[in-house]
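**Student:** The residues making up each chain are set out below.
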Amino acid sequence: AQRVTQPEKLLSVFKGAPVELKCNYSYSGSPELFWYVQYSRQRLQLLLRHISRESIKGFTADLNKGETSFHLKKPFAQEEDSAMYYCALQGGSEKLVFGKGTKLTVNP
Amino acid sequence: KAGVTQTPRYLIKTRGQQVTLSCSPISGHRSVSWYQQTPGQGLQFLFEYFSETQRNKGNFPGRFSGRQFSNSRSEMNVSTLELGDSALYLCASSLFSGTSVGELFFGEGSRLTVL
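Protein chains in written order, with this note's numbering: chain V, 183 to 290; chain U, 3 to 117.
Errors might be hidden in some of the hints.
So these bits of chain V aren't anywhere near chain U, every CB distance computed over 12 Å [unchecked claim]:
1. VAL195
2. SER237
3. PRO257
Example chain V residues on the side facing chain U (calculated, C-beta under 10 Å, incomplete) [to be verified]:
4. TYR209
5. GLU214
6. PHE216
7. GLY274
To be clear, the hints were calculated from the coordinates, so they are not data collected in a lab.
As the structure is a prediction and not an experimental result, all values here were calculated from the model.
For glycine and all other residues, C-beta sits at the position ideal for the given N, C-alpha and C.
If we strip away everything but chain U, and leave its shape as in the complex, we get (with noise of 0.2 Å):
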């Protein structure tokens, strides 16, 4: 069973621009969460999606946003990029019980370069 795969794996934006980034969940996994990893802040929560709905929301600004198709793929945009927003992002997938988000399953992530 193939598991989630984030694209791209790398990218360099500069401060003002946008970016967006792409989840594939496992095949089955209805759920699917972000997080923002840094070295200072360890892995903060953004958001998790389930079944096309936003279930979930972290702390985060509204230039951060996602989204959740019909076949579990997951996207999240960062708008007008800040230096601050340079980090790794995570997504992962689970099979959501209904209360428990169970197990995630982790990507490599996207790691994003502000300049």
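If we strip away everything but chain V, and leave its shape as in the complex, we get (with noise of 0.2 Å):
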């Protein structure tokens, strides 16, 4: 069965500061793993993943196979970063499954 925790409902950080956001997640096969994040009032939108190998808005996951991890990292936090963040993985052809998701909130 394909699963994924965030153990941090909610994560502070001031401005300027590393934050990371943790994702593991349980799934026998080689996955494809996600990062979606909804900011205040809008929809919710893909921010990674990681086959794209990407860094977007500063910020990247890298996939840990051995640890079943895919943290989100992001060495300088701005205040506009301040959102949820789903982490979701697919496992072969089934449903993509979303953790519960993590609070941040970037302070002055």
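Now that you have both chains on their own, put them together as the hints suggest.
**Tutor:** In structure tokens:
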């Protein structure tokens, strides 16, 4: 069964500090992993996916198959990064499963 | 290009009633997925349709059903509403590749309140 765990419901950092949003997954095969973000009053949207290996808005995420993790990182948080972040997993042709989300607040 | 459109945006129903929600995907997208979003459970997968066929189904009771039309528009129906069905129902469309759903494009959601 596919499962995504985001252990932190809330995360608060100061502007300019590094930020790491944790995501752990459970899947026996090779998953496809995503981070989605929902800014206040905006639609849920894709931030990045592991196969593209891009850095979007300064965020990166590395798939660690040994630790079954896909943590989202940014070296210097900005106030505009405050949002709800969801990690998501798709295994094979299965459904896309989301974690429960982490609310990130970046304080000035 | 117009985004995913969901109607109605807000609705209030009473227990025992039924409701139908509609989703128009981005033009050219043939895959439509539905999610229930609540503060406690986050996003829970309901079902996914591709070319009028249900491709995947979540762990919801049979009161939750859906369908997709030949123009890729989709509807979901909830019968015999319960208080716990109060939630934001999100629809998302994508260019399904045959294996991966790829990037999901979400609508603004239909907020259902059951009294």
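**Student:** Now tell me if each hint is right for this structure.
**Tutor:** These are the hints, each one checked on the structure:
1. VAL195: holds, 21 Å
2. SER237: holds, 17 Å
3. PRO257: Since the minimum Cβ distance to chain U is about 25 Å, V:PRO257 lies beyond 12 Å and the statement holds.
4. TYR209: Not OK, violated: V:TYR209 not within 10 Å of chain U, min 14 Å.
5. GLU214: Status holds, d = 6 Å.
6. PHE216: holds, 8 Å
7. GLY274: holds, 7 Å
The earlier numbered hint that this structure contradicts is number 4, and it is the only one.
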